[in-house]
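Input sequences plus hints: build the corresponding full structure.
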Amino acid sequence: LNYLIHSFESDIVIIDYRVRGFTRDVKGKKHFIDHKIHSIQNFISKDTLERYQMVDVNVYHENLFHTKMVIKEFDLDNYLFGLDREDLSPREEKRIRGLLQREMMEMFYGRNLRR
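Per this note's numbering, the very first residue in the sequence shown carries number 4; after that it's consecutive.
Incorrect hints may appear among the rest.
[Said to hold, decoys possible] Taking CB as the label site, the calculated pair distances span:
hint: 1; residue 1: Lys75; residue 2: Gly31; range: 43 to 51 angstroms
hint: 2; residue 1: Arg54; residue 2: Ile99; range: 16 to 24 angstroms
hint: 3; residue 1: Leu116; residue 2: Ser48; range: 27 to 35 angstroms
hint: 4; residue 1: Asp28; residue 2: Leu102; range: 53 to 61 angstroms
hint: 5; residue 1: Val58; residue 2: Asn5; range: 12 to 20 angstroms
hint: 6; residue 1: Tyr82; residue 2: Leu116; range: 17 to 25 angstroms
hint: 7; residue 1: Val58; residue 2: His9; range: 14 to 22 angstroms
hint: 8; residue 1: Tyr6; residue 2: Pro93; range: 31 to 39 angstroms
hint: 9; residue 1: Gln56; residue 2: Leu102; range: 17 to 25 angstroms
hint: 10; residue 1: Arg100; residue 2: Val62; range: 32 to 40 angstroms
hint: 11; residue 1: Tyr63; residue 2: Leu116; range: 25 to 33 angstroms
hint: 12; residue 1: Asp37; residue 2: Leu103; range: 39 to 47 angstroms
Rather than coming from a laboratory, the hints here were simulated on the basis of the structure.
For glycine and all other residues, C-beta sits at the position ideal for the given N, C-alpha and C.
This is the structure:
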(Lines of atoms letter the chains of each structure in order from A and count residues from 1; the text may use other names and numbers.)
(Lines give C-alpha, C1' and ligand atoms only; values in the text may rest on other atoms or scores of the structure.)
Protein backbone atom coordinates (compact mmCIF):
# COMPACT_ATOMS: atom_id res chain seq x y z
CA LEU A 1 0.00 0.00 0.00
CA ASN A 2 2.73 2.47 0.96
CA TYR A 3 4.70 1.54 -2.15
CA LEU A 4 1.70 2.40 -4.36
CA ILE A 5 1.06 5.70 -2.63
CA HIS A 6 4.70 6.75 -2.98
CA SER A 7 5.03 5.43 -6.55
CA PHE A 8 2.26 7.60 -7.93
CA GLU A 9 3.19 10.69 -5.86
CA SER A 10 -0.48 11.70 -5.88
CA ASP A 11 -1.78 14.82 -4.21
CA ILE A 12 -5.19 13.21 -3.73
CA VAL A 13 -5.64 9.51 -2.95
CA ILE A 14 -8.87 7.55 -2.49
CA ILE A 15 -8.51 4.02 -1.09
CA ASP A 16 -11.30 1.46 -0.83
CA TYR A 17 -11.01 -1.91 0.87
CA ARG A 18 -13.94 -4.28 0.77
CA VAL A 19 -13.89 -7.64 2.57
CA ARG A 20 -15.90 -10.12 0.51
CA GLY A 21 -16.94 -13.67 1.20
CA PHE A 22 -16.07 -15.68 4.27
CA THR A 23 -13.95 -18.49 5.59
CA ARG A 24 -14.83 -21.27 8.02
CA ASP A 25 -13.04 -22.40 11.12
CA VAL A 26 -12.45 -26.08 11.94
CA LYS A 27 -15.91 -26.27 13.57
CA GLY A 28 -17.62 -24.95 10.44
CA LYS A 29 -18.46 -21.51 11.83
CA LYS A 30 -18.37 -18.77 9.18
CA HIS A 31 -16.02 -15.82 9.69
CA PHE A 32 -16.78 -12.91 7.39
CA ILE A 33 -13.65 -11.02 8.38
CA ASP A 34 -10.63 -12.92 9.64
CA HIS A 35 -8.39 -10.01 10.60
CA LYS A 36 -8.70 -6.87 12.69
CA ILE A 37 -9.17 -3.62 10.83
CA HIS A 38 -10.67 -0.37 12.03
CA SER A 39 -9.15 1.93 9.43
CA ILE A 40 -7.00 1.72 6.32
CA GLN A 41 -4.87 4.36 8.05
CA ASN A 42 -3.59 1.62 10.39
CA PHE A 43 -1.73 0.16 7.39
CA ILE A 44 -0.18 3.42 6.16
CA SER A 45 3.37 4.40 7.15
CA LYS A 46 3.97 7.22 9.61
CA ASP A 47 5.71 9.44 7.04
CA THR A 48 2.70 9.15 4.71
CA LEU A 49 0.27 9.84 7.57
CA GLU A 50 2.20 13.04 8.28
CA ARG A 51 2.14 14.21 4.63
CA TYR A 52 -1.61 13.85 4.09
CA GLN A 53 -4.83 15.06 5.65
CA MET A 54 -7.06 11.98 5.88
CA VAL A 55 -10.66 11.13 6.55
CA ASP A 56 -12.25 7.70 6.92
CA VAL A 57 -15.73 6.86 5.69
CA ASN A 58 -16.19 3.28 6.90
CA VAL A 59 -19.26 1.04 6.96
CA TYR A 60 -18.18 -1.51 9.54
CA HIS A 61 -21.25 -3.75 9.36
CA GLU A 62 -20.64 -4.12 5.60
CA ASN A 63 -16.87 -4.65 6.02
CA LEU A 64 -16.29 -1.64 3.77
CA PHE A 65 -13.37 0.69 4.51
CA HIS A 66 -12.77 3.95 2.66
CA THR A 67 -10.00 6.49 3.26
CA LYS A 68 -9.63 9.80 1.45
CA MET A 69 -6.28 11.59 1.48
CA VAL A 70 -5.15 15.03 0.32
CA ILE A 71 -1.60 16.32 0.48
CA LYS A 72 -1.03 18.93 3.21
CA GLU A 73 1.68 20.88 1.37
CA PHE A 74 2.16 20.85 -2.38
CA ASP A 75 4.93 22.07 -4.65
CA LEU A 76 3.49 24.82 -6.81
CA ASP A 77 6.13 24.19 -9.50
CA ASN A 78 4.46 20.82 -10.19
CA TYR A 79 1.39 22.71 -11.46
CA LEU A 80 3.01 25.48 -13.48
CA PHE A 81 3.76 24.99 -17.16
CA GLY A 82 6.22 27.20 -18.98
CA LEU A 83 7.22 29.18 -15.88
CA ASP A 84 8.49 28.70 -12.36
CA ARG A 85 7.15 29.84 -9.01
CA GLU A 86 9.95 32.41 -8.86
CA ASP A 87 8.48 34.05 -12.00
CA LEU A 88 5.29 34.92 -10.10
CA SER A 89 4.64 37.92 -7.92
CA PRO A 90 3.77 37.07 -4.31
CA ARG A 91 0.19 38.15 -5.00
CA GLU A 92 -0.10 35.95 -8.09
CA GLU A 93 1.47 32.99 -6.28
CA LYS A 94 -1.03 33.35 -3.44
CA ARG A 95 -3.94 33.53 -5.92
CA ILE A 96 -2.81 30.42 -7.80
CA ARG A 97 -2.19 28.49 -4.56
CA GLY A 98 -5.70 29.39 -3.44
CA LEU A 99 -7.22 28.17 -6.70
CA LEU A 100 -5.28 24.90 -6.51
CA GLN A 101 -6.20 24.38 -2.86
CA ARG A 102 -9.88 24.94 -3.68
CA GLU A 103 -9.72 22.51 -6.61
CA MET A 104 -8.13 19.86 -4.39
CA MET A 105 -10.75 20.34 -1.67
CA GLU A 106 -13.58 20.00 -4.21
CA MET A 107 -12.10 16.71 -5.42
CA PHE A 108 -11.45 15.56 -1.85
CA TYR A 109 -15.00 16.25 -0.67
CA GLY A 110 -16.62 15.34 -4.00
CA ARG A 111 -18.64 18.53 -4.32
CA ASN A 112 -18.42 22.11 -5.50
CA LEU A 113 -17.56 24.52 -2.72
CA ARG A 114 -19.30 27.85 -2.31
CA ARG A 115 -17.39 30.80 -3.68
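Going through the hints against the structure:
The supplied range of 43 to 51 angstroms is met by Lys75 and Gly31, whose beta-carbon atoms lie about 49 angstroms from each other. At roughly 21 angstroms, the beta-carbon separation of Arg54 and Ile99 lies within the given 16 to 24 angstroms, and the hint holds. The beta-carbon spacing between Leu116 and Ser48, approximately 30 angstroms, falls within the hinted interval of 27 to 35 angstroms. Between Asp28 and Leu102 the Cβ separation comes to about 55 angstroms, which falls inside the hinted range of 53 to 61 angstroms.
The supplied range of 12 to 20 angstroms is met by Val58 and Asn5, whose beta-carbon atoms lie about 19 angstroms from each other. For the pair Tyr82 and Leu116, the beta carbons lie near 19 angstroms from each other, so the given range of 17 to 25 angstroms is met. Between Val58 and His9, the C-beta spacing of about 20 angstroms keeps the proposed range 14 to 22 angstroms intact. Restraint check, Tyr6 to Pro93: a C-beta distance of roughly 38 angstroms satisfies the suggested window 31 to 39 angstroms.
One distance hint, 17 to 25 angstroms for the beta-carbon pair Gln56 and Leu102, holds here, with the actual separation near 18 angstroms. The hinted range of 32 to 40 angstroms is satisfied by Arg100 and Val62, whose Cβ atoms lie roughly 35 angstroms apart. Look at Tyr63 against Leu116: about 29 angstroms separates their beta carbons, and that is inside 25 to 33 angstroms. Between Asp37 and Leu103, the C-beta spacing of about 42 angstroms keeps the proposed range 39 to 47 angstroms intact.
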